[in-house]
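Model the placement of chain B on the given structure of chain A, informed by the hints.
Sequence order for the protein chains is A and B.
1 is the number of the first residue of the first sequence in my numbering; add one for each residue after it.
1 is the number of the first residue of the second sequence in my numbering; add one for each residue after it.
Since the hints were derived computationally from the structure, they do not count as laboratory data.
Keep in mind that this is a model prediction, so the values were computed, not measured.
It cannot be assumed that every hint is accurate.
Stated by the list, open to error - Here are the simulated lysine to aspartate or glutamate pairs, EDC-like style, with alpha carbons at most 20 Å apart:
no., chain 1, residue 1, chain 2, residue 2
1, B, K79, A, E188
2, A, K302, B, D148
3, B, K152, A, E188
4, B, K242, B, D213
5, A, K301, B, D148
6, A, K109, B, D75
7, A, K200, B, D75
8, B, K139, B, E202
9, B, K56, A, E188
10, B, K79, A, D187
11, B, K152, A, D187
As the list claims (entries may be wrong) - Chain B regions said to be covered by chain A (calculated; three or more residues, Cβ under 8 Å):
no., stretch
12, 81 to 93
13, 102 to 112
Even glycine gets a Cβ: it sits at the ideal position worked out from N, Cα and C.
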Amino acid sequence: MSLKSKIIFLVCFVGLGIALNFFLNSYIQALAISFMINSIMAMSLNFITGVANQFSLGSAGFVAVGAYTSAVLTKEVFNDQWYFIPLTALIGACVAAFAGYLVSLPSFKLKGDYLAIVTLGFAEIVRVIFLNWNHVGGPRGYNAIVKWPNFTMAYLFTGAAVLITLYVLYSLKISWFGRNLWALNEDEIAAEVMGTPIAKNKRTAFLISSFFGGLAGGFYAHNMGYISPGSFGFLLSVQVLIITVLGGLGSISGSIIASIILTVLPELLRSLPTKVDVRMIVFPILLILMMIVRPEGLFGKKEIWTFFKKEGGS
Amino acid sequence: MIKSILSLKNVNLSFGGIKAVQDVSFEIHENELLGLIGPNGAGKTTVFNIISGFYKADTGSIDLGDVCLLKLAPDQVNKVGIARTFQNIRLFGNLSVVENVIFALQQKIDHSWFHSLFRTKKYLDIEATLRTRALSLLKIFSLDQLADTPSKSLPYGLQRKLEIVRALASDPKLLILDEPAAGMNHSETEDLKKLIQFIKTEFKLTVLLIEHDMKLVMNICDRIVVLNRGEKIAEGIPAEIKANKQVIEAYLGKRS
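Looking at chain A on its own, in the form it has when it is part of the complex (with noise of 0.2 Å):
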């Protein structure tokens, strides 16, 4: 991208920001930015997923780590002023890297079902330490989080997240590591004849990859302005799963689509003019039916400006 192109989008970044404050009602405005979150949290789980190839149940587990540091810390360090918001995140994250590290530790033998296993218990464990811990709340939750002044600085900060997320681990797919990561995906024994050390890459994916997941459930605390363990059971992770697969897998940007797709899904059949609830029904038949018809995801392992590329031929 040239200097020019990067200052137009900029600045139409942050002019959107300021306009949709306007024109957008508060609802509309609290699902852009959930959409958001969980597009971060959809990409950070692809990284290791779909990149690396390690099924991982666990990304409840990973934003649960990052949401609670992140409200603790402006509560009780950073005396409720919204504007240390983007740190303390950034702090949730780097412990939330450090939790996937611990869990990478054991872990960076087993592959396939036996890890989903291993993080699917591991975002059970830090659930129940939440809800065990009276400090923060334990099954009450933890309250009155402060949360961003307006919508244009929540628009600002989140969006700002998404795009370094997708930049971030778009760029490391496709560097040296990611390479050293579709190797790995591909054979691992051929891998590791060739001198790829095995253990420490996927190690490295964990850690990079729980680091967005802890930053996602930052910027999710503030968001809300209250968390309880409630919200980081199995049914996050399998949601944030089922985003990643609807994108594709390995399809970082892919993931973005998808969640405005399943965020705004949800809410547009919620206005269906029928008596009972079909939203429950519709929903995860068109998740059958993408399956049979797309099995590898809306984009498979392509990223979205690939597609153009190919028609507008620049």
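Then chain B, alone, in the frame of chain A:
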């Protein structure tokens, strides 16, 4: 004096009660083509796996020059200069031909996270050099036309070739080929024979070859080591091996 590059001394390995490798010792001399043969289940592949670090020998020693290989993991074995191919081809199927080679090349480079994250000029330069080097290597083996096809869509013979090229890309001192002629027809085997000889002279490599195709082995090997039931039963130049009673017995059984 002949310099030995890899030496195995009294290597033993047992799986439970089965002695897969017993007291095997042999040396590979610099720039020679050593064949390792034996009937099915003789322990050839086990010896390979011990050398490349997948199995740990119970006792004995393996040295490459003055580096002891016994305690090294497979990726470290590659770093000290041993590359291998597999009996059943193990390419990275969805990666393109050139990427397979780049992958091998990039293991020798210290990458910086900073540069790759910000896609600096230095990083892009490194990527470009890797690609040119990979392409020039592919060109030697006339695979450069196919550089961007996924490697899984290559025909069998070319996949074999690519696997050897990928092994060469990691710049080894010793190249180990595990049954490269398996599943090949006569003309493909002829090509392979030329390829191996070409590699050996052009890249000044030492090659260890496991093979079932006796014609190929007897034709191109400088020396041959024969294993049977985990033990070394003979070692020598092809003519000696052909005449060796024990070898004939191992392959054909005793005359009753």
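(message) Taking beta carbons only, do three or more residues of the stretch 81 to 93 of chain B come closer than 8 Å to chain A?
(response) That given contact holds, which follows from 7 residues of the stretch 81 to 93 of chain B lying within Cβ reach (below 8 Å) of chain A.
(request) State whether the coverage of the stretch 102 to 112 of chain B by chain A holds or is violated, taking the criterion as 3 or more residues with Cβ-Cβ distances under 8 Å. (result) With 8 residues close enough to chain A, the hint holds.
(message) Can you confirm whether the C-alpha distance between K79(B) and D187(A) stays at or below 20 Å?
(response) 19 Å, holds
(message) Checking one constraint from the list: CA of K301(A) to CA of D148(B), max 20 Å. Satisfied?
(response) 17 Å, holds
(message) With the threshold set at 20 Å, check whether the alpha-carbon distance from K200(A) to D75(B) stays at or below it.
(response) 11 Å, holds
(message) Need the status of pair K152(B), D187(A): alpha-carbon distance at most 20 Å?
(response) 12 Å, holds
(message) Can you confirm whether the C-alpha distance between K242(B) and D213(B) stays at or below 20 Å?
(response) 14 Å, holds
(request) Assess, step by step, whether the Cα of K109(A) is no farther than 20 Å from the Cα of D75(B), and give holds or violated. (result) With Cα atoms ~15 Å apart, K109(A) and D75(B) stay inside 20 Å; holds.
(request) Decide if the proposed pair is consistent with the structure: K139(B) and E202(B), CA atoms, cutoff 20 Å inclusive. (result) 14 Å, holds
(message) What's the verdict on K56(B) and E188(A), does the C-alpha distance respect the 20 Å limit or exceed it?
(response) Given pair K56(B), E188(A) holds - Cα atoms ~19 Å apart, limit 20 Å.
(message) Can you confirm whether the C-alpha distance between K302(A) and D148(B) stays at or below 20 Å?
(response) 16 Å, holds
(message) With the threshold set at 20 Å, check whether the alpha-carbon distance from K152(B) to E188(A) stays at or below it.
(response) 16 Å, holds
No hint from the list above goes unmet by this structure.
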